[in-house]
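Visitor: Top to bottom, those sequences are chains A and B.
Positions 1 to 193 (full-length UniProt numbering) are the ones given, in order, by the first sequence.
Positions 1 to 481 (full-length UniProt numbering) are the ones given, in order, by the second sequence.
Among the hints, erroneous ones may be present.
[Stated by the list, open to error] Listed next, the stretches of chain A that the computed footprint assigns to chain B, with coverage defined by at least 3 CB atoms under 8 Å from CB atoms of chain B:
| id | stretch |
| --- | --- |
| 1 | 26 to 37 |
| 2 | 109 to 119 |
| 3 | 150 to 160 |
[As the list claims (entries may be wrong)] Chain A stretches covered by chain B per the calculated footprint, using a threshold of three residues with CB under 8 Å from any CB of chain B:
| id | stretch |
| --- | --- |
| 4 | 7 to 20 |
| 5 | 41 to 52 |
| 6 | 57 to 64 |
| 7 | 174 to 184 |
The hints are simulated quantities; they were obtained by calculation from the structure and are not laboratory data.
Fair warning: this is a prediction, and the values are worked out from it, not measured in the lab.
Glycine included, each C-beta is placed from N, C-alpha and C at the ideal position.
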Amino acid sequence: MSAELSLAVTQVMKGVVYRDTHEKAWRYLLDLQAQVRDHVAVLGLLLVIDEAEGYAFLRSRPEQEGEEGPPRLIPRRSLSFHVSLLLALLRKRLAEFDARGGDIRLMLTRDQIVEMLAIFLPEGSNEARLVNQVDAHINKVVELGFLRRVTGQDNLFEVRRILKAFVDGQWLAGFEQGLATYAVQLSGTEEKP
Amino acid sequence: MEFEEISALRRRSVAWRLLRADHAPLVLGFLGRVFVDENARSVSAADLAGRLDDELYALNERLGEGTFPKTAKAYLDDWADPRAGYLRKYYPEGSDEPYYDATPAVEKALAWLRSLTDRSFVGTESRLNTIFDLLRQMVFGAEADPEARLEELRRRRRQIDEEMARVAAGDFEPLGPTAQRERYQQFTSTARELLADFREVEANFRTLDRRLREKISTWEGSKGALLDDILGSRESIADTDQGRSFQAFYDFLLSSTRQEELAGLLEQVQALEEITEPDPRMRYVHHDWLDAGERTQATVRQLSEQLRRFLDDQVWAENRRVVEIVRSIEKHALTVRAYADLPVTTELEGSAPELGLPMERPLYAPRVRRPINSASIEAGRQEFEADALFEQFYVDRAELAAGVRRALQGRAQIALADLVRERPLTHGLAELVSYLALSDDTFCVVFDEGRVDEVDWIDEEGTERRAKLPRVTFARTEVSP
């Protein structure tokens, strides 16, 4: 097996490969796409490459009906309500940002994120506690890889465009449905259209 | 222009606002030099702040401390704020540092200022010539009848023939000094205007792009109809008047024969005797045009590419769906906001497989304790240089604690940053760290991770140092009665 293929496969096994930060691995991934696909298919994985946005990652292959696939290698993470909400809000920001102009990179300050999420947090908690809570949510999203701290600048975050690949219409619809059902339960009445 | 139009301009025009700003001389002087005189289209935040810092220092020296009280960075942030709009701030791909470019408003304000200065003479004849040329180009160029075109060409040939005959007979007059200077004046001002216009051309492209995106986002019909509308009309960026004119200019400039001709002409003109004060910048103005043109061309390419991506089938449909769903999520989330721990959770697939390899973990390695044998230390008899031992400094914590106690005599608490201002650090970082580790019965040390303080000191070499640390406060512990 060539060193190039080896690098491409291991890098994408480790995490998202970005065009701007993993130049070599990105090039090899594009060149050896077919081989990489064959390789990871053995493990029940699917290679996703978005050339326009400049990222690549692995996904579990959707299970075929009536057929038992290999065990899942990619973990599913459980996210709390507020982290999910933050992801949804960031996704909307990204959509609006794209609709507004030709810039590629969406940068948000911590204050902007706090402001965005604050109106959805329970009232009564004092300002400092609220900021701490939001910080915890932000850290979680950073850990998930959808926000990135901008080096050299305090409290500035880049919304990574890969967010679009994960927080898609389907995921959002699922979240919305869960939330709507719960809201109806709480109010004890049927939701009016 | 009507009254309403002018008052609307006064309210909305960025250039006008800039001219009215208190700091207008600073803004225009500084941005004009960096972005216009040097033809820079993209300057990193650190570079720009550094240069502005020098400028502010020099101005404050000359005009008195406090004339421009803010930091360079604060001024740049002010100027890049959308409410000001003098600078465009953006993050280029692959850089975590913001970059700045001046907006067309700066060019416009500068052009107006330049027009205020008195000119020694205003050439009129050369401009009348230019007007005649333009008119002929239009009339002749628009002529569709071949017979009429031929007639015009014959007329010109007759003129040339007559002129050749006159020159052959020695009957001609070279362009006089006044006429030369006049033309040179017109040439420099047009060349500068052209350069200034590139910023506006680029801004126009951005506006076009924004308008298109708005249209796409709010489009209610089918995708096909949208594409027809955008591609069929003259609205797609390259097909607008702006796009065509710019492309024609760029192609014209790029051709190598034109380049050579331009370079040759510029060299000759700059060397003309009658032009007593040639503008040094004009010698290579075509290079400046090329630089600016390339930059604009890159913007157009980038905008078109992103627009295509934005129009991409899936992205287009997905974006609209996403915004709709998130609106509904927001609505529900507001109704349940009072509840702290909502059981609504989601699951998201990770972006990479997780492998746990037990054999990759390091094995347990017992720590070996090294016995210390300190029984027999004998006084050395040898003479040696002991300076190194004394050169080390010692931070006296008792003294620091005493200093804190003294500072707390008059107040209940004091921030470390304030304390250091009162009692400057003499041992630099080591002393600063010692402060953090102080413990005393009469006060306690409180850390606030949420805020950041800056502490300055001057080290042995005389260099200014600055440390950022969480806010540290010394607070007097209440003495129980």
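Visitor: Which hints from the list above does the structure break, by number from lowest to highest?
Guide: Numbers 1, 2, in rising order.
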